[in-house]
Structures are given as C-alpha cells and as structure tokens.
Amino acid sequence: MRRPNDVGGLPGGPINTHAHEPEPWQRLLTAIVSAVGPAVRKINCVDEFRRAREDLDPDFYASLTYFELWTEGFINLMQEKGVLTRAEVEARVAAMKARR
Amino acid sequence: MTARFKPGDRVRIRDANPPGHRRVPVYARGRAGVIERLCGEFPNPEELAYGFDGLPKRPLYRVRIRQTDIWPEYKGSAKDMLELEIYEHWLDPA
Numbered sequence: 001m002r003r004p005n006d007v008g009g010l011p012g013g014p015i016n017t018h019a020h021e022p023e024p025w026q027r028l029l030t031a032i033v034s035a036v037g038p039a040v041r042k043i044n045c046v047d048e049f050r051r052a053r054e055d056l057d058p059d060f061y062a063s064l065t066y067f068e069l070w071t072e073g074f075i076n077l078m079q080e081k082g083v084l085t086r087a088e089v090e091a092r093v094a095a096m097k098a099r100r
Numbered sequence: 001m002t003a004r005f006k007p008g009d010r011v012r013i014r015d016a017n018p019p020g021h022r023r024v025p026v027y028a029r030g031r032a033g034v035i036e037r038l039c040g041e042f043p044n045p046e047e048l049a050y051g052f053d054g055l056p057k058r059p060l061y062r063v064r065i066r067q068t069d070i071w072p073e074y075k076g077s078a079k080d081m082l083e084l085e086i087y088e089h090w091l092d093p094a
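First to last, the sequence lines map onto chains L and A. Heads up: the first sequence runs through residues 1 to 100, numbered per this note's numbering. Heads up: the second sequence runs through residues 1 to 94, numbered per this note's numbering.
Please keep in mind that the hints were generated in silico from the structure rather than gathered at the bench. Given the structure is predicted, the values throughout are model-derived calculations rather than measurements. Among these hints, one or two may not hold up.
DMTMM-like mimics (lysine to aspartate or glutamate), calculated; alpha carbons at most 20 Å apart, straight line [claimed, not checked]:
no.	chain 1	residue 1	chain 2	residue 2
1	L	LYS97	L	GLU23
2	L	LYS81	A	ASP53
3	L	LYS42	A	ASP53
For the chain A half of the interface with chain L, some residues (derived, Cβ under 7 Å), not all of them [claimed, not checked]:
no.	residue
4	VAL26
5	TYR27
6	GLY30
7	PRO45
8	LEU48
Backbone N, C-alpha and C fix where the C-beta goes; we use that ideal spot for every residue, glycine too.
Could you build all of it, start to finish, from the sequences and the hints given here?
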C-alpha cells in the first residue's frame with residue numbers, strides 16, 4: 001500500500017534547488033513542533049508526526065507544500081492527543097484574519 | 001541482542017503491503033540484497049508511530065541492493081549499489 005509520502009521511483013517533475021530563507025510562520029511552526037516533541041513536553045514522537053502527515057488524504061497531501069503538510073499533520077495529531085481541536089485552530093485563524 | 005543475520009548474508013525484503021506507517025519504501029519491497037552491517041537495535045518505529053513503546057527493540061540492518069535490481073531501466077554501472085536501512089522483521093533469508 002503506497003502512502004502519499006512514498007514517491008521513490010515515480011515521476012516527480014523538476015526540482016527547485018535554489019536556497020531560500022524560511023518564512024516566519026515556518027520558523028514558528030518548527031518551534032511549536034519541537035516544544036511538544038520528545039525533548040520538551042513529550043506529547044508525541046517524530047514517528048507519530050510522520051504517520052500523521054502520511055495519513056492525510058493523498059490528493060490533499062499532493063496539493064500541499066512541505067510546511068503546509070506539517071501544519072495539517074500537526075493539527076490532526078494534536079487533536080488525536082487531546083491537546084487542541086481543529087475547530088479551535090480554525091476559530092483562532094479566523095479571529096486573527098478579522099483583526100488584520 | 002539476537003540478530004538473525006550477519007554481514008554477507010543474502011536476504012530478501014518482504015513483498016508485503018500492510019496498511020499504516022511502514023519503514024520500507026514500495027520500490028524496495030520484494031528486492032534481494034546482502035547484509036552490509038548490523039546498525040544496532042532500536043524501538044520499532046512502526047509501533048512508535050501509533051504511540052506504543054516499540055519494544056522489544058528490533059535489529060536494524062544496512063542492506064545493499066544492486067541498482068539494476070531495483071530500476072529496470074537503470075543506465076549506470078552494474079556495480080552501483082543502493083544501501084537501505086531495514087528492520088529485521090521485514091527481511092527473509094534469500
């Protein structure tokens with residue numbers, strides 16, 4: 001059973017090899033993921049985080065960039081762990097957008 | 001640790017398709033190769049991925065496979081090898 005992350009040997013198209021600076025939200029997400037991980041809060045391990053990303057719907061997975069995959073997998077995993085709900089995240093995003 | 005294989009042993013990666021988080025890429029399943037080294041023993045990541053402790057630890061091997069045995073249209077040297085790290089429960093003697 002090929003999961004959406006398992007693309008070895010499949011046509012992948014061109015690769016952009018130019019270096020680029022991570023965006024602030026990508027840095028923030030990396031910090032949050034680290035803070036709940038094995039070195040700090042021990043809420044989840046890297047293997048669970050990988051699994052949560054691989055569990056995403058394949059078409060949805062293919063439509064996302066790397067840190068978008070992190071976002072979606074992380075929300076699902078935190079919901080599974082009882083830390084927060086997707087509805088809470090979406091409500092917060094809506095509130096932040098309304099403030100801008 | 002009771003490792004079933006030693007360097008030089010011929011093995012075949014299982015051609016299995018279990019659902020869930022698995023640590024063997026589809027392209028490597030069913031391929032034969034040679035044990036290059038025993039890397040150590042580690043909690044099973046396929047269990048850790050679901051919140052279990054992954055114990056008992058599982059032996060992990062570096063398996064050397066000919067590129068021409070993986071990619072039918074491989075254009076490089078027939079001596080080219082791919083090394084993959086594979087847990088013992090995915091390996092059979094070949």
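Broken hints, by number: 6
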